[in-house]
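As a plain string of letters, each chain reads:
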Amino acid sequence: MSNDAQNLDFATVIASAVHDMKNSLTLLLDTLDDAAGEQSIAATLLQEKLLQAQHEGKRLNRNLIQLLALYRLERSQLFINITENSVTELLEDVAMESRQLLDARSIKLEIDCESGLIGFFDRELITGIVNTIINNSYRYTKNTIRLSGENQGDYLCIHIEDNGPGYPDKMLHGGSNTDSPIDFQTGSTGLGLYFAAQVAQMHSNGKRHGYTETSNAGINKGGRFSLFLP
Amino acid sequence: MKASKLWSLQGKSILVIDDFPCMRSMMRGMLSAYGADDIPDTSHGEEAIKRMHDKSFDIVLCDYNLGEGKDGQQVLEEAKEDSLLPYSSIFIMTTAENSMEMVMGAAEYQPDDYLSKPFTKQVLQTRLKRLLARKSSLRKIASAMQRKDFSHALSLCEKQLTLQPGNRFELLKLKGELSIKAQRFDAAAAAFAEVIAERELPWAKLGYGEALYHRERYEEAKTTFKELIKANPNYVFAHDWLARVYEKLDEPEKAQEILTEATEKSPKAVLRQRALAEISQQNADLDTAEEAYRRVMRLGKNSCYKSPTDYASLSRVYLQKSNNVEAMKTLASMKKEFHQGKSGDRLHATILEIMLYKDMAREDEARKGIAEAMKLFRDNPGGLNTPLAMELASACYDLGLKEEGYEIVRHIVRNNHEDQDILDGVQTMMESCGIGDSAADLIAATRDEVITLNNRGVEMATNGALQDSIKLFAQAADGMPENLVINLNAAQSLIMFMQRYGAVPEFLEQTQGYLVRAQSLNKPSQKQDKLQTAYRKLVTSLAKA
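The listed protein sequences derive, respectively, from chains A and B.
Going by my numbering, the first residue of the first sequence is number 3, and it counts up by one from there.
Going by my numbering, the first residue of the second sequence is number 95, and it counts up by one from there.
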């Protein structure tokens, strides 16, 4: 028995635990989704609480994903699958995910992207990153979040900006600053940004690699997160 | 917004596969919210395959992790191998893993989409909507592919590309793949090169290298695959192809090395393990071969790739290692595994058994095996393919069973009367058994028999006795399923009949059967293309009528 335990591959343990947790989360979120969409619930208060629970559930899920991915990354077991994707579709998909929650807090979500814009990236991973950043903006914005996509030179660029107070100084950086020390005091944000930078870095085309940038060039000097993909 | 209200899954048959009951009922709930009314579900891969045999589905939602038995990837593989998933249907793999590394690149077949758990109703709807729209834009190409009419599918694909579609890369990929199937390797290389010029995507580079390989430009293919591996060390398909190139370049040690690397990266892929087993056996690295064959059997247990050959090969490895006890044990488990299977598998297993007994110089058992094989062969001559028939015939002559050998050689010649390479092979085999004198006569006589039969059928058709011609060729094709000329003429007589009296569904189906068989023999000809075109016209005429 003790021998068996020693032989267990930790990655397998995590993977199967995550598998289980995600099954539970799926059911939990589906129930919340149904409940939050229920028209007969008169009390707005309850509705808001359900949405909040849903929001936390999704956060939990993203954290699980990141944790597993980072663990794999460290052991060089994280591979990316670069495919051709419509950027508009990606932005619409993530917008749809958070629409309900944002509506409840009267946050406006704008999308600004040419409909034929094509990008080359790992859809699942990039979707995860944009979701994380939106989730972050949700906590700090005044009332608007804007998603945009464009080609900048040889790079596809995806911006997520808001009209909140902006990033604190110590979180501002540009370029492929993937190994900057992370201050985990800031909570999940630090982990999320670190993860985003790592994933961007893994996207490459020839000699060029992706990178992330945080600035306060958002709406009315709000926070702006930019993802550059080669 | 209007369109989304009208959008519905009504009338679509959808199979849900997940080992978690709550998950299944949740997914069925999501689907029925969008109007779906035909949503069977199951928790087991085996059961899923059975359901798909009973009826074909428009959409399959399958979880990767299914607990005991087959996993999601094996369900996909088997469904594709058994032609249960036409190009028009949608297979979505749901997975609790966020990314696809678990399955990506490690497998022969890829699903149409991945959906990572948890997902909401809206996400499911958006994905299905897009996939259905995409599939519907490829509807005509899909139906040509279903008929294995690759040259027509290819021309449809080219036509669609001229319309400047949004899914240009997808169409270019399809064009490249179809060109390879239609054996137009220059066109395939061109399609993949067009993608590479814009973006060096792994699949495009892989396809390009594959086209080079087929054009026998092995040095260039080697460079291409090496570059691909350097840039994407985990893209195991590139390893598979590089190994094939090394085999062609007569460097089997390097092929083994590269396959070893690939199997370490994706230990679950049966075909790759088998390739490693075969090459290491060839390299006389018996320990590696033994291990690899054992893995093939373990992994292949629930899969469509299970084959008696693996047991026989492992048994032979043991013989080479002078371990007769293990050799016999393996042979016994082969008999146990396949004695109730399809008659083709049983015949296959029996022939392998005969060969092993011969190697062990156990003549009595070998003779018994031949008697059994002959019985299976006579019950279903179509189940004996040419390579195995050669083995069986040579075993018969070795053991002095001339009558049986004669019967099998006739079968080989009848199925390949125009294939000089195979006829030469028969001649050589008979010479090595010391009966070369009678070989030439036997081959010539049998060949003339087929030619006479064929001419009689053609004459009937030209004289207007089409029904007699159809009957003659149908009977002939049953006994000679690998004979290209006979299959094509069987199709032709049916086509001529329908051109005169109008198309009927049963005849169209029979025609398609012969054409698909001819296609699978991989000897493209103008006659075949012409018949495909004529067949297509008849299908259209029936649809209009």
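Mixed in with the good hints, there may be bad ones.
Quick list of in silico lysine to any residue cross-link-like pairs, SDA-like style, CA-CA up to 20 Å [stated by the list, open to error]: (1) B:Lys342 - B:Ile290; (2) B:Lys253 - B:Gln219; (3) B:Lys215 - A:Asp105; (4) B:Lys106 - B:Ala236; (5) A:Lys209 - B:Glu525; (6) B:Lys215 - A:Ala38; (7) B:Lys223 - A:Asn87.
Some chain A residues close to chain B (C-beta under 10 Å, calculated; not the full set) [what the hints assert, rightly or not]: (8) Leu29; (9) Ala55; (10) His57; (11) Gly59; (12) Glu99.
To be clear, the hints were calculated from the coordinates, so they are not data collected in a lab.
Every residue gets a Cβ at the ideal spot worked out from N, C-alpha and C, and that includes glycine.
Here's how the hints hold up against the structure:
1. B:Lys342 - B:Ile290: Between Lys342 (chain B) and Ile290 (chain B) the Cα gap is close to 25 Å, so the pair fails against 20 Å, i.e. violated.
2. B:Lys253 - B:Gln219: violated (30 Å)
3. B:Lys215 - A:Asp105: The hint holds at about 18 Å.
4. B:Lys106 - B:Ala236: Holds: Lys106 (chain B) and Ala236 (chain B) sit about 17 Å apart, inside 20 Å.
5. A:Lys209 - B:Glu525: Violated: Lys209 (chain A) and Glu525 (chain B) sit about 61 Å apart, past 20 Å.
6. B:Lys215 - A:Ala38: holds (13 Å)
7. B:Lys223 - A:Asn87: Roughly 16 Å separates the two Cα atoms, so the pair holds.
8. Leu29: holds (5 Å)
9. Ala55: Check failed: Cβ of Ala55 (chain A) comes no nearer than 14 Å to chain B, outside 10 Å.
10. His57: violated (13 Å)
11. Gly59: holds (8 Å)
12. Glu99: Because about 7 Å separates Glu99 (chain A) from the closest Cβ in chain B, which is inside the 10 Å limit, the hint holds.
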